[in-house]
Structure formats: structure tokens, C-alpha cells
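Colleague: Residue-level listing of the chains:
Number of protein chains: 2
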Amino acid sequence: MRAKEIKSEIRIIGIDDSPFKKGKKQKVLVIGAVFRGGKWLEGVLSTKVTLDGLDATNKIANMINKSKHKGQLQIIMINGIAVAGFNVIDIKKLYEKTGLPVIVLMRKKPKMNEIKKALKHFKDKQKRLNIIEKAGDIYPCGKVYFQCYGIKNKLAEKVIKISSTHSLIPEPIRVAHMIGSGVILGESKGRV
Amino acid sequence: MRAKEIKSEIRIIGIDDSPFKKGKKQKVLVIGAVFRGGKWLEGVLSTKVTLDGLDATNKIANMINKSKHKGQLQIIMINGIAVAGFNVIDIKKLYEKTGLPVIVLMRKKPKMNEIKKALKHFKDKQKRLNIIEKAGDIYPCGKVYFQCYGIKNKLAEKVIKISSTHSLIPEPIRVAHMIGSGVILGESKGRV
Chain A
8 MRAKEIKSEI
18 RIIGIDDSPF
28 KKGKKQKVLV
38 IGAVFRGGKW
48 LEGVLSTKVT
58 LDGLDATNKI
68 ANMINKSKHK
78 GQLQIIMING
88 IAVAGFNVID
98 IKKLYEKTGL
108 PVIVLMRKKP
118 KMNEIKKALK
128 HFKDKQKRLN
138 IIEKAGDIYP
148 CGKVYFQCYG
158 IKNKLAEKVI
168 KISSTHSLIP
178 EPIRVAHMIG
188 SGVILGESKG
198 RV
Chain B
8 MRAKEIKSEI
18 RIIGIDDSPF
28 KKGKKQKVLV
38 IGAVFRGGKW
48 LEGVLSTKVT
58 LDGLDATNKI
68 ANMINKSKHK
78 GQLQIIMING
88 IAVAGFNVID
98 IKKLYEKTGL
108 PVIVLMRKKP
118 KMNEIKKALK
128 HFKDKQKRLN
138 IIEKAGDIYP
148 CGKVYFQCYG
158 IKNKLAEKVI
168 KISSTHSLIP
178 EPIRVAHMIG
188 SGVILGESKG
198 RV
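Sequence order for the protein chains is A and B.
Numbering-wise (the numbering used here), the first sequence opens with residue 8 and increments by one.
Numbering-wise (the numbering used here), the second sequence opens with residue 8 and increments by one.
For reference, chain A alone in the conformation it holds in the complex:
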């Protein structure tokens, strides 16, 4: 992606999961909000992934690839590297499967020692850690942090800034979060 392609109405899909009950084996609703930059919603996609599973990368890639919006989409934004517990997203694979650059947005800088601790009960913890680690360097941008793949970090920063029109969080992610929690809980709650 080149700088001149980043217009204020760049089509972004923002992805976030929904609230779920801990412990119980279940499918968790994941929302994709198709936005024109930080301006308005053009479409809503959804899929379901396994709590603490490893199917999120494929499920999200399929959700995007089969969408009527695919041809216009220019970038994927995810709220954190994992959905539905520790269903970690392989952003290189997601880029390869969709052909779209990926930005992982984080409100706080993740602490690797805490992640390792949380993963210790997983039999395949090393596999999950590898996916997290290969997501690459973490960059600051205003009050948030991000990782990216298929796009240079300076351009990713520009996309984050262009789309953060109503809060510190890019609008496609903020809205995906509200939809997921509003549908599951009856009212959207909590910060992204």
C-alpha cells in the first residue's frame, strides 16, 4: 500500500469479538464492521470462532473473502492479536489469504511475560506464542499501540489517525466492539 492510496474514505474492515462466558466450550461471535475511513458504516459481517481455539485466522479470512465488499476493502484492522480468549490470529497468514494489509490495534502495550503465564495451561502454548511473536514490532501511535503486516508502520499510523474520528480508537474497531457487545449483552458496554 502506498501513501497516496490512503484517502480519508479508505475502506477498512474493523474486527472485534463479543463478550462470552469464561470456561464454557463455545463459539464466540466475531464482528467485521466495513467502514469508509472513520466516517460511516457500509456493511456488517460476522462469523463464529471457537473459544480458545485456533480457527480465527481462517474464519476471519473466509468471512472477508466471500464478502461483496472484498473488492473495495483496502485494509484489515483487528482489536488485539487474539479473539475469543487465546484464539490468536496469524497476521501474515491473514494477509496472504486475503491480500489485504493487517493492523493489530492495542490500547495497552502487551506484556510478554503475562501472555506466557496465561498460555501455560495450553498444550500447544509454543505454537500460539510463535504466532504472537512473529506479528513483529509494536509501535506507539498517540495513546494506542499497533503491529502491522503488509504495510509500512508509518502508513499504518496514518490509517489509524485518519480513522480515529470520534475517540482514541479507529471507528471501524469501536463500532465492531459496540455491535458485538450490544447484540450479546443487550447493550454495548466497556471500552475497546
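No lab work stands behind these hints, which were simulated from the structure alone.
Possibly wrong hints are sitting among the right ones.
Any copy, or any two copies together, can satisfy a pair, since identical chains are not distinguished.
Derived DSS-like pairs (lysine-lysine); straight-line CA-CA distance at most 25 Å [stated by the list, open to error]:
#1 K28 to K73
#2 K46 to K165
#3 K168 to K46
#4 K159 to K46
#5 K73 to K196
#6 K28 to K55
#7 K34 to K196
#8 K31 to K55
#9 K196 to K55
#10 K134 to K55
#11 K196 to K150
#12 K46 to K196
#13 K75 to K196
#14 K77 to K196
#15 K55 to K34
#16 K66 to K31
#17 K165 to K11
#18 K75 to K28
#19 K55 to K29
#20 K66 to K141
#21 K46 to K14
We have chain A already, so just place chain B on it with the hints.
Modeller: Showing chain B alone in chain A's frame:
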């Protein structure tokens, strides 16, 4: 509601139902999209109502009354007088229960003889017809039509125009429709 209260960022809740399979007795997801005028989404509410039941008025009133957005909301917009099949909404009762004026938006002018035909298999068809008929006069506004309660039709027209920022349909209703169909079908489809 007075004319001076209708600002471009007036807080509106747009309500629409979600796709469902005909015939099967079921609960149908209803979405409330809390908007600042036609500009941006502030919250998502949801409830479930019975297909062809008569619980929509109470369910929607409760969804609104218990919301943290209640204090700021100034108007309710519904996509048509019924949700979930023929679960007709009593707009006078909805106004009385919430204290908020109600606008019913319609893409086409409804034909009473077709409605009567569709209702003929309902044992309580007269009750449902009464609710529909007491919703009052139908006014045109651009290419859409509306009914209203608790607000004068000229002011309702102003609210519809202010909030129709990206299509012929007010943004709160357009987005509620996209959320409902995106969550149920996997991708938002169909016109409002």
C-alpha cells in the same frame, strides 16, 4: 418536542428487526442503534421479540428505558409499524412508556387492503388492525413516508432529513438494519 431542539446531533434510536425463517415459532433479534443525528453511532441495544407475537411494544420500551442512553435520547425511529412478522408496535403506548416521540419510517406507502389480507389468518386480527390504524396519518418526506406520535409532522420531517446523511433512509435505521442482517446472515444484505 420543539423546532429549536432539533439539532444536527440530536440523539436518535433507530430500530429494526433481523432476518428470520418464516413459519417457525421463534424469537427474533431486534436492534436499536443509538445515533448522534445522522453522524455517528454511540451505542447498540438489542432485544428479542416473538415472531408474529404482540410483545414488541413492551420489549422495545424496556430496552430503551433500562439503557444508559435513556437520559440523552430524544426520539425513537422505527423501520415500519411491525417487527418480526406482524408483531405490531403501538406507537402511542411506546411514547407513553418511554416519554419519547416516535417516528415510523416506511420506504413505500403501505396498502391497507394488503395488510388486511395478510392478517386474515390471525385470530386477533382486529386488535392488530386497530393498533396499525391508530398510528394515524401517513405523510410523504422526499422518497419515503412516515407516521409519527408525540411530535408534529413538520418537525418529524426535519428529523428525518437531518439524519438521512448517506442514503434516503435515516442513518439510525440504516445501521440498525445492517447490524441485524449482518449478525444473523453473516453479511448485511437487502435494502431497509
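Colleague: Does each hint fit the structure? Answer for all of them.
Modeller: Results of checking the hints against the structure:
For the homomeric pair K28 and K73, the shortest alpha-carbon distance between copies (23 Å) is at most 25 Å, but the shortest distance inside one copy (29 Å) is not. Both within a single protomer and between protomers do K46 and K165 lie at most 25 Å apart by alpha-carbon distance, with minima of 15 Å and 22 Å respectively. In this assembly of identical chains, the alpha carbons of K168 and K46 lie at most 25 Å apart whether taken from the same copy (12 Å) or from different copies (19 Å). Taking the closest pair of Cα atoms, K159 and K46 come within 25 Å of each other only inside a single copy of the chain (23 Å); across copies the shortest separation is 31 Å, beyond that limit.
For the identical chains of this complex, K73 and K196 are inter-copy neighbours only, at 13 Å across copies versus 30 Å inside a copy, given an alpha-carbon limit of 25 Å. When the C-alpha separation of K28 and K55 is checked against a cutoff of 25 Å, the pair qualifies both within a copy, at 15 Å, and between copies, at 20 Å. Taking CA atoms no more than 25 Å apart as the test, K34 paired with K196 passes in both settings, with 20 Å inside one copy and 23 Å between copies. Taking CA atoms no more than 25 Å apart as the test, K31 paired with K55 passes in both settings, with 15 Å inside one copy and 23 Å between copies.
With identical chains, the CA atoms of K196 and K55 are at most 25 Å apart both within one copy (20 Å) and between copies (18 Å). Taking the shortest Cα distances, K134 and K55 sit within 25 Å of each other inside one copy (22 Å), while across copies they are farther apart (40 Å). In this assembly of identical chains, K196 and K150 lie within 25 Å of each other by CA distance solely inside one copy; the values are 21 Å within and 36 Å between copies. In this assembly of identical chains, the alpha carbons of K46 and K196 lie at most 25 Å apart whether taken from the same copy (21 Å) or from different copies (20 Å).
For the identical chains of this complex, K75 and K196 are inter-copy neighbours only, at 10 Å across copies versus 29 Å inside a copy, given an alpha-carbon limit of 25 Å. For a Cα distance limit of 25 Å, the shortest separation of K77 from K196 across copies, 14 Å, qualifies, whereas the shortest one inside one copy, 29 Å, does not. Taking CA atoms no more than 25 Å apart as the test, K55 paired with K34 passes in both settings, with 6 Å inside one copy and 20 Å between copies. Proximity of K66 and K31 under a CA criterion of 25 Å is satisfied intra-copy only: 20 Å inside one chain copy versus 29 Å between copies.
Proximity of K165 and K11 under a CA criterion of 25 Å is satisfied intra-copy only: 11 Å inside one chain copy versus 39 Å between copies. For a Cα distance limit of 25 Å, the shortest separation of K75 from K28 across copies, 23 Å, qualifies, whereas the shortest one inside one copy, 32 Å, does not. When the C-alpha separation of K55 and K29 is checked against a cutoff of 25 Å, the pair qualifies both within a copy, at 16 Å, and between copies, at 24 Å. For a Cα distance limit of 25 Å, the shortest separation of K66 from K141 inside one copy, 20 Å, qualifies, whereas the shortest one across copies, 48 Å, does not.
For the homomeric pair K46 and K14, the shortest alpha-carbon distances inside one copy (12 Å) and between copies (19 Å) are both at most 25 Å.
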